[in-house]
Each structure stands twice: as structure tokens, then as C-alpha cells.
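> Residue 186 in our numbering sits at position 193 of the sequence shown, and the numbers go up by one each step.
It should be emphasised that the hints constitute simulated quantities derived from the structure, not laboratory data.
Treat the hints with caution; some may be incorrect.
[To be verified] Quick list of the computed label-pair ranges, beta carbon to beta carbon:
(1) L194 to L32: 26 to 34 Å
(2) V151 to D56: 39 to 47 Å
(3) H199 to D14: 22 to 30 Å
(4) H55 to T97: 46 to 54 Å
(5) Q202 to A74: 26 to 34 Å
(6) Q96 to A30: 45 to 53 Å
(7) D190 to L(-5): 18 to 26 Å
(8) L32 to D190: 17 to 25 Å
(9) K95 to H55: 39 to 47 Å
(10) Q96 to M(-6): 15 to 23 Å
For glycine and all other residues, C-beta sits at the position ideal for the given N, C-alpha and C.
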Amino acid sequence: MLSKPSAVLFDLDGTLIDTADDLAACLNRLLAEESLAHLPHALIRTQVSNGANAMIKLAFGHDLDEQLALSYRNRLLQHYAENIAQHSCWFDGLEAFTHKLKQTGIPWGIVTNKPRLYTDLLLNAMGIDQQVDVVVCPDDLGVAKPDPRPLLHACTQVQADPANAVYVGDHIRDIQAGRAAGMRTVAAAYGYIEAEDNIQLWQADHIVQHGAELTALITP
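Kindly produce the complete structure, drawing on both the sequences and the hints.
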């Protein structure tokens, strides 16, 4: 059990918010525009945490011409910007958990590799921008996870001791960043985990199978 943390920080996609259906819909729209068959949402879901480039490679192959890949990526992101929160939702139990943190005076935040533009669009559309205490994106510092600096910056922003803070994420890079920052780490097994991933090898301090388990694990 993790009691009275100085702050609780979350990865965004696949940890705090389930954005996979929106991103899958946008990728399949792009495929349809190219007269190609749709991909199953379950397959796309495994690549969401890896970003737009990984989704383009999944859809069009790894040997795609660089300029064509960039064009597809830009179109995908434009579709996403225009449909940012059609189906996105909190993972079960996490909205209530963040409210509980707020009520007990524990700051909570988001440290994501999602670009600032799309992060802000999503958080604004869902009203999370009015609730969260700190949001750090790769654009802000010029580095991304697994570099620990975004996590340390978030702790500084909310005046939290990293050694007593918690970071929750659904990718090995999240756990690597949290460990490098000296934070306690929680792996979100309910997130966008690829079939070949062995989450037990990530060396997280704790693993949760469901978002609601955080309420029992982390006690304000």
C-alpha cells in the first residue's frame, strides 16, 4: 500500500483516459480514404501508446516512403484534432479517484508523451483541464519519457517530493521514467499492452489490473 503520497502522476493515453476508439476511428478513416480495409480496433489499441508514427506503420507497413508516411501522419493527426473526444472516456474508477485526491489535498497530474496540442484539446474537451494540477508534455522540456525530467518537472511544479510521489503508466517507458526519477511506480495492466509485453519484467513497484484498484493501493 502507498500511503499519503506527495503527488500522484499519470500517463495519459491508456492509463488515465481510454482514447483508443477515437484514434482507431481516425486511422480507419484514413485507410478508407486510401481505399484500404479497416483494421480491428483491438489491434490498433496495442499501438496507441507508441504514437502516431507507430499507428501509420501498423496501417501502411514499415517500408513506407518517408514523405508519404509524413503525409499520412499529418492527415491522421488532423482527423484526430477534429474528433478529439468523440469516444474517449476515463478508465473505470479514475475520475472518482482524482476527485478523492483533490479532496484530501494531494496534487495529481499528467505526464505524457502526447504532444501539447492534442493533450490540451483532449483535456479541454473532457473538462479535465479544470481539475488537474499539472500537465507536462514533451514539447515543454524538449524531452520525453523514458527520460525522467518531465516527471521531476511535474513534481517541482506542485512542490512534491519525488521520493514520495507515485507515477502510474501502461508502458515500460513509464516505469523506466518513474524509477529513474526516484518515484514509486505502478504499472497499469488494463492499458494498451502489446501481446509480447511481459509486464512482470518492468520492475514496477505495483501492478494493477483495473483502474479502481488504485483507490485501495494509494491511500490519501
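> For each hint, tell me whether it holds in the structure or not.
Quick rundown of the hints versus the structure:
no. : hint                      : in the structure
1   : L194 to L32: 26 to 34 Å   : holds, 28 Å
2   : V151 to D56: 39 to 47 Å   : holds, 45 Å
3   : H199 to D14: 22 to 30 Å   : holds, 27 Å
4   : H55 to T97: 46 to 54 Å    : holds, 47 Å
5   : Q202 to A74: 26 to 34 Å   : holds, 33 Å
6   : Q96 to A30: 45 to 53 Å    : holds, 48 Å
7   : D190 to L(-5): 18 to 26 Å : holds, 23 Å
8   : L32 to D190: 17 to 25 Å   : holds, 19 Å
9   : K95 to H55: 39 to 47 Å    : holds, 44 Å
10  : Q96 to M(-6): 15 to 23 Å  : holds, 19 Å
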